[in-house]
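Join the two chains, each given in its own frame, into one complex according to the hints.
As they're listed, the protein sequences go chains A and S. Using this note's numbering, read the first sequence as starting at 1 and increasing by one per residue. Using this note's numbering, read the second sequence as starting at 1001 and increasing by one per residue.
Every clue listed holds true.
Pair ranges (Cβ atoms, derived):
id, chain 1, residue 1, chain 2, residue 2, range
1, S, 1093, A, 45, 25 to 33 angstroms
2, S, 1152, A, 109, 24 to 32 angstroms
3, S, 1268, A, 33, 50 to 58 angstroms
If you're looking for bench data, these hints aren't it; they were derived computationally from the structure. These numbers come from a predicted model, not from an experiment. Using N, Cα and C, we set each Cβ at its ideal position, and we do this for glycine too.
Below are the chains, spelled out letter by letter.
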Amino acid sequence: MFAQIEMLGAKAIRSFEELGRLSLFLITVVSNIFTRPFGFNDLVKQIAFIGARSMPIILLSGLFTGMVLALQFYDVLARFGSVDLMGSAVSLSLIQELGPVMTALMIIARVGSATCAEIAIMRNEQQFDALTCMAVSPYRYVMVPRFLAALISVPLLTAIFNLIGIAGGYIVGVFIKGLSGTAYMQTIIDTITWSDLKMSIVKSFIFAIIIIWISMGKGFFVHLEKGVSGAEAVGRVTTKAVVASAISMLFADYIASSFLI
Amino acid sequence: MPENSNQSSDTEVLDASVLIEVSHLSSSYGERQVLKDINLSVNQGEILVIMGGSGSGKSTLLRNMLGLMKPSSGEILFEGMNICHATRTELLKLRRSMGVAFQGGALLSSLSVGDNIKLPLRQHTDLDENTISIMARLKLELMSLANFEDLMPSELSGGMLKRAGLARAVIMDPKILFFDEPSAGLDPVTSVELDQLILQLRTAMSMTIVVVTHELESAFAIADRIAVLFDGELVITGTVDEIRACKDERVSNLINRTPREVQVDAEKYLSRLTKGAD
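The following block holds chain S by itself, in its conformation from the complex (with noise of 0.2 angstroms):
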């Protein structure tokens, strides 16, 4: 099991200062509300973990905070620069500052593990070659991954596919990394590897780290602090321990993985089973 980094980190979290804020942020797919009145801050070099269950809007929340969305009403604070107003330019430079892993690895199909990882070097730098082939070598070193790189991404496990789009995430030194579902399809052992990996980057490049996931044992493993989000709402904010005492039921039934208690009304039941039967 990794060193549940939350107990030490106290402190430094408290110090930290705010690196993202979100503010009163609501957002819809069409009618549907996904998101409600949420407030949250991710403070610098904290490991943020966003928790809840499957359609809590947890996903929807990391696509608002990469500008991959715009909400519905509220804002998105990154550096005090609004990202839900901010200009394609400004986008484009804050992107720079940002890594994302997502949860398939997203790489591209057409090109080999190596000159996936590549990529962002040979869009925004001027490196050489040669520069650019260490820097790949280096970064696919650190994710185990040394001997992959002139791979296709087909030729990957599920495993490895995620280590290479974290390699290519984190590339280009980034302030900020987001990382969604790192535990989601992964055998026991790859996913505490993998948040090992989460907590090496955080200490060796001193990196600001947001992951989205469900999985309870992985998040405690890895986060300063945890948002459990329910239905579109911010439940509680916490740290691990301040979870774990949290009474909420909504909280407390993530934790324990009780059922929801499914409410059925009978002659409603009945009535929507028989619509058109007549």
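Extracted from the complex, chain A is given alone in its bound form (with noise of 0.2 angstroms):
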């Protein structure tokens, strides 16, 4: 019994170190922008990767993800009668929550995961240190940029996600169902204000923050992960990220939702 009680005291003390660790890691990055020389092209690049390169994900989700919904609601909104709200309520729902949730989750399938690893591998290959010993910041020179092209990209990815979500819907209704093609783009109109989109980029702002400072914090660290090594501890942390990702991002999601809604 006290082994047990001892065991979840050292994991609640471990799970603390590490919320500290990645703490001063955020705090070191974020001042790390500010230093000179700024990587423009790495930066273009982080861009590409993690913008440009996660478009046909984000087009292929958005669009199903509107077809999916528009479906649902028509069969909810046909039995209250008001099968013309069908656009407000696929974009208000694609707006508020599902674009940027979905969006996130694509985002830590496809760069979460990679750059833990990446960054992870660079650990293991001693290629911070090689950094450090030519007086190149590691923060400033391979996080500064990943992390500038997250709050870059995501909220953009999101709003083209939303934007196909619409269009997805707009499909179903109109070309399926047969409903009104300006009567849904009517609706979408009188339906959004600037609260709606401000909720939409202040929650994508912050779930990019969380997923690329949790993955590449993880990666980092990986030298610190118990009782592991090599491939097997890149395999595992890049797990751990992923899932932290997810977790939290969904966490965040709540809390600003309670508070923008």
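See below:
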């Protein structure tokens, strides 16, 4: 019994230690944004990786999410005789909730895991030691471009997801269910307010920070993983990064929604 | 076989001024003490080889000398400056005069070989891209890697990776070069070639070189002085001849490749094995 309590306590201490370590990591990354030289080329490269190369997955998932939403809402709204409101229902659900969350989940799967694994391998191959010995800060050279690229790309991808989702809803509503295209678009214009868009933007910024912070941090401290090393440690931290990013993102979603609605 | 520079260098070494002074250095990983009261100096222009078996603490000593980890006690003076208490700015300045070649090359996997070598120049100088390219090509030529500039690190062999890492380490013409395990994982011929390269670098660039290795042949071929570590303690520092003549059992065992005798307490061993079996 005591041994179990002791084990639980040790685990709690380790979790707090890790939270502290990751918090310091984030502070160091942010403070390095303002140091020179600024790696503009690296930033563009990372925007291409996080943003441009995520486009196909965002377009596909956005389209299908919008289409499924339209099918679901048509069924529900038809029961109350309000199918004309489908444009509002689809767009509000996407902009306020599904757009930011689904985009974040896609980015976690595609970018978070790759970033964590890449940084962990860099650590294992002493690439950070090499940068440090060359008087080049690994935070400024490796982390800052990724951090800024995520801050720029994730909100833009969310906006694209929202737009393509609304288009998916239009396809199902107008072409399959026979609703009026004008009515679909008009209800969107009438319903969506600045505060809805603001919620989408704020959430996507918060999610971007959470995803890139946890992915980079977990990879950077791969050498502190207990009981494993090498490829096994890389695999383990990558899994942990994906799970922790997803859970933290959903928790942050609830907190943000409760403040912004 | 490369020429053993030891025989001709004693006088040079004696005249040389001290570049790095390690005093009473102890270092630990958590509760496990890895280095115990190390006293060592690196003289200007010499090749000092830090030698020892696996787990002797030589890589930890190197990491301490590079300022990559803080010792638990003692100090390391680099040209009079204590790097254990140096500020971030002081360390950055200091590191620009150091070159480090890591065991596996530690090239950035996302950059080509050429871009890896140009990285320190791009980060720390205002040189134009043309000059940077010429300087990088010169260093690649010196390492016999002239045609490999555009390849990615993943396309190079182990020996090439080490040479590319060495090219990057010397691109800023550092005062001192640290080389971690130059011969590890290489075939004998490549290993000898790398030893010759180290000797060439000392002659051509008047560089002070600290090499960490467990390869006896390589150490004897390049060293002016050798420091032998055993279980975190510095056993002896001396010329190749002094090391060969050393009567200390730990040193002679290392030189003669005598395996350690493992003393087993049968009772303790059995009780450990049967623990929890009841």
